[in-house]
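Enquirer: Take each chain as given, in its own frame, and dock them per the hints.
Chains A and B, in that order, are what the protein sequence lines are. In this text, residue positions in the first sequence follow the UniProt record's numbering: the first is 1, and each later residue adds one. In this text, residue positions in the second sequence follow the UniProt record's numbering: the first is 1, and each later residue adds one.
These aren't lab readings, by the way, just hints derived from the structure by calculation. Small disclaimer: the values here were computed from a predicted structure and weren't measured. Any given hint might turn out to be false.
What the hints assert, rightly or not - List of simulated lysine-lysine pairs, DSS-like, C-alpha gap at most 30 Å:
id, chain 1, residue 1, chain 2, residue 2
1, B, K62, A, K115
2, B, K139, A, K156
3, A, K115, B, K63
4, A, K115, B, K20
5, A, K72, B, K63
6, A, K115, B, K139
Stated by the list, open to error - Covered stretches of chain A, as calculated for chain B (at least 3 residues, CB under 8 Å):
id, region
7, 1-10
8, 113-126
Glycine included, every Cβ here is placed at the ideal spot set by N, Cα and C.
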Amino acid sequence: MPADPSGFLTAVLHNGVGRFVCQLQRITLKFCKEYGSSRGVREFIEKDLLDFARQNPGVVVYVEPKRHQRPKLEAEYLNGRTEVMNASEYSREQVIKFVEQLRCRSGVEIVRIRKDMRTNNISIQGPWHPFLNQPTEWNLKKFPDAPGLRALKMGKSATDIVLEMAREQGVLNIVQWEGKDPAARDDASGKGAVERTTDQVVRPVTAPSIKQ
Amino acid sequence: MRLSLVSLIRAPRNAKVPSKEKLFDRLPIFRITSNFFGRRRNCWSLAMPAAQKGLVRSAWGKKVKGMYSRMLRITRLEAALHPYGQMSYESFAENLAKVNVLLNKRILADFAMLEPRTFKAIVSLAQKKQDMDGETSQKELLTRPYPSDLVLGSNYLKF
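Chain B extracted, bound-state conformation (with noise of 0.2 Å):
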């Protein structure tokens, strides 16, 4: 190993350097602690329970990944909905999901950030289903800068 061979060659004459063996055997919890803080690095008595510790909380970390994606899509999906008027992001689904549209949310919030002409006219659309049922209140219809036929015209939908 290239490491054992270096450590062999800077440590001094009488140093008490681990064997090649003992080292390769370690190198797997090392190459887990290699950016950890301190002592907890190198040593290996420190190394081992501080490399246990961090794969325990990044299992932990892997079951959660999930819930804290969920939760931050639906803040940029909220955020996003912002500027087309008062429409909450339940309401948005709810329409979506009515007219077919099974985009995920991974989805809609990508094109939210990276397309937005496409996430305005999803969002149009949503909004023209919405009207279409009669479940747009006169306070929402005020707050909208555009009307919701604009983008995709006015017999786009014929539900």
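This is chain A alone, in the form it adopts within the complex (with noise of 0.2 Å):
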């Protein structure tokens, strides 16, 4: 089973920004020649309705006589939808506030409505972005490598911890392997082979400088 329709604030495109069209675009008062129940509408139909027609004449009147039935006001809209009133036992007064009520309205379902406000520009100056507080030197930089903006290095890296301790316990085969295939390492083939030397640096590393 659906859940309840619901939906938020609309206006048919944007109707009222800059110019407004009636949304309304035909009404049929269905009413009975006869029958008591449609006294207010065979009223409204002699005295009001010429007015309304001539007030608004980008609306189309019909009028439908339907024998022995009960009276309707139907109104279509520009969108398609369709709104049907049962308009029995109204009074005249009443028809006119009821098709005044349809002219006004948009053909929007009418559901619950999830929040009472929309809007499509939420900020005036523009909502924060992280470099917003940030000096605007940083607009001609290349990140990540800019040199002013590598992580400071405050201690030793596991690696230099590592290192310090082989070279206290005496090891001699130091490699320090800065390619970045580990398996070509120990390739038995020979592409990557290396000599391997006590204490050598294969390719240069430029340790990191540590503050104090």
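Expert: This is the structure we're talking about:
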């Protein structure tokens, strides 16, 4: 079973911003010429309908006598929807009121509105972004290799600690491998073979400057 | 009801389909369970207690929503104050109250998110008041990227 229909505030095609177009396309008054429940509609047709039609040239007005049936006000809107109101036992004043109400509506379905506000522009000054309060020189920098922006190394890295320990213990065959593929280091075919010597750094590694 | 017609049309001839009246009475509950998992969505004897539990949980959530919103906004303000120095949220709120700025947390958090320049002005106001009362520590002064007179000028506060 579907959930209760609900929606947000809408205006059909931003109606009212700049120009306003009456959203009522045509209104049909169905009534009986004989029965008493249509009395109000009949009076409206006799006295007020022509004024309504003259005041709203964009609305097509139909009058449909339906013998021995309940009177109805049927409104069709520019978005294709239809609203039907049962007008039986209505007085003339009530019919005037509800015809006016149908004229003023957009064709949007009446549902529970989830939020009672809607805006397309949430921010006037522009929303916050991480570079807002930062120095504008950053616009010319290439991240992440900008020199002033490396992470500060406050202490010894794990590699440094291990190398120190190895040297203390007197290990001689220390090789620092800068290649990306660890498998090539131990390759028996000799493609990635490197001459191992005592405590020789294979590719020069710039030790990070430890700021104290 | 559109749904009962569909179920009547699609069901095989000897299927046990509930009457229109029954479906109409049960529809409010099925509307609540329309996005639940499995049989709790469509089977009455499972949907009924599931809907009740869902409503109870929703009521609890409404009560607690205010608390969560408050915590979220305070967190956001703490984060928003970070780039302006080591000012704590407590001192920020205290100093705003001293200068009679009664903006609530919701507005302040929205400014921090959406109107950053306004927020900067408000922070500098609080910082200026803190300086005038002599409650800014040297450490905090050093961490400030902008002086407190930058936005509103040096003669703005005349308390």
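Enquirer: Against this structure, judge whether each hint is valid.
Expert: Going down the list of hints, with the structure as the test:
1. Taken as a hint, the B:K62 and A:K115 pair is honoured in the structure, with Cα atoms around 16 Å apart against an allowance of 30 Å.
2. Taking the CA atoms of B:K139 and A:K156, the gap is about 28 Å. The hint holds against a cut of 30 Å.
3. Pair hint A:K115 plus B:K63 holds up; C-alpha atoms about 19 Å apart against a cutoff of 30 Å.
4. For the hint linking A:K115 to B:K20, the alpha-carbon distance of about 33 Å lies beyond 30 Å, and the restraint is violated.
5. Distance hint between A:K72 and B:K63 is unfulfilled; the C-alpha atoms sit about 46 Å from each other, more than 30 Å.
6. Of the pairs offered as hints, the one joining A:K115 and B:K139 is violated, with about 46 Å between alpha carbons and a cut-off of 30 Å exceeded.
7. Counting residues of the region 1-10 of chain A whose beta carbon lies closer than 8 Å to any beta carbon of chain B gives 4, which meets the minimum of three for the stated coverage.
8. Residue count for the region 113-126 of chain A with a Cβ under 8 Å from a Cβ of chain B: 5. That meets the three needed, and the coverage hint holds.
The earlier numbered hints that this structure contradicts are 4, 5 and 6.
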